[in-house]
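Number of protein chains: 2
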Amino acid sequence: MLNVADRVTSRGAVPVGRIKDLAVNCQKSRMKRSFGARTAAYPLPVFLIGTYDARNRPDAMAAAWGGICSSDPPSIAVSIRPTRQTYKNILEKKAFTVSIPSVDQMAEADFFGVASGADTDKFEKTGLTPVKAEFVDAPFVGECPVVIECRLIRMVELGAHTQFVGEILDVKIDESVLDADGKPVLAKIRPFGFDALMSEYYGTGPVVGKAFSAGRKFKD
Amino acid sequence: MLNVADRVTSRGAVPVGRIKDLAVNCQKSRMKRSFGARTAAYPLPVFLIGTYDARNRPDAMAAAWGGICSSDPPSIAVSIRPTRQTYKNILEKKAFTVSIPSVDQMAEADFFGVASGADTDKFEKTGLTPVKAEFVDAPFVGECPVVIECRLIRMVELGAHTQFVGEILDVKIDESVLDADGKPVLAKIRPFGFDALMSEYYGTGPVVGKAFSAGRKFKD
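Quick note, the sequences are listed as chains Z and V, same order.
For the first sequence, the working numbering assigns the number 890 to the initial residue and increments by one for each residue that follows.
For the second sequence, the working numbering assigns the number 890 to the initial residue and increments by one for each residue that follows.
Simulated from the structure, these hints should not be mistaken for laboratory data.
Misleading hints may appear alongside valid ones.
Which copy is meant is left open, so a pair is good if it fits within one copy or across any two.
What the hints assert, rightly or not - Under the rule of at most 27 Å between Cα atoms (straight-line distance), these lysine-lysine pairs were calculated in the DSS-like manner: (1) K1014 - K1106; (2) K1099 - K1072; (3) K1099 - K1077; (4) K983 - K1014; (5) K1106 - K1077.
Generate the whole structure from the sequences, applying the supplied hints.
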């Protein structure tokens, strides 16, 4: 629990009129419980990282540590332990894909996270289909509604994990999840997230607001 | 659109029995539309990055490019353009927080993404409360249900964005979103995601499966 005495803001001198604010701060902070140094955030993704090994056998693993990391070049980062087959494969091919599973592939995606490509043909076990990517030497998961083709451009050692930064060369989306104007519909993609503290997967809900617009009311 | 001729897998020689699989591959791939080199993935977060400037004035910005990047040390990465006030502030203090807004703070979070801390006191404009973090010299957003305190441990230049890697020193969660056993309940946290292709925010849905368990059925 937090010490109430620490809960003042750091705006410098405190005008009398802000005493009420500080009291509110104290109250708010006392309502938070410390969980320690944990890897938790919301939402966290479930990415399926597709690779070929040196003999061109397809593999994929589930990874929740990752996300978009730059707009130019458009890039995505995924963190992988050196013990994983995927680690070796990316080094071999300098390429990977990120397939975004829908809830229809939830159990398969989970299996891709617990089994090892070193001794298991995960595609064969699950029945999912490895499809050779168009621009890079890596397979994506054919059944996944959204797939991202990446060329390795950077490796960053971050302790237990190595972060692989991939330049996004293409994003491919199933025709079946597009609307009449060709725009991807989230409710049809049905991606899911990973709750690291509860070890659960959860679906996506409805649209709640328009980005770069919902906050305009605070401008004046 | 993809060229059907490219759609064979790379498992090497193709046994006759796999011709059907390849036909399925072709069909699946033809159903995907290319969107080009875009920064899209699902889900993407809406992180509020809290910092103090050199005069200890609190600021926060919304960032969707980021995620957990290592388990040990527990770390989170957020990508920020050098033009942002947050960039300067992190360099100054070597610290930042990541506050996870609930849908209750959706409009405020959006404003934190479009306004600049260089000329706007975003906390004052929105009425949200900057609370000094316990372990680092940065403020978090008091109203957010989950907050993460980070010490800067690495900067990685990735083109338009610089990735700041923060070691997670603590995760704090509102008592009001915990269950009777003290576990965080996603349906009470109510975080939301960012749909980069549609420029929309969307809520989270119900739990759809147990991680490290749902895929066991494929083991044998």
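Results for each hint:
no. : hint          : result
1   : K1014 - K1106 : between (52 Å within a copy, 10 Å between copies)
2   : K1099 - K1072 : within (15 Å within a copy, 31 Å between copies)
3   : K1099 - K1077 : both (18 Å within a copy, 22 Å between copies)
4   : K983 - K1014  : within (26 Å within a copy, 47 Å between copies)
5   : K1106 - K1077 : between (31 Å within a copy, 26 Å between copies)
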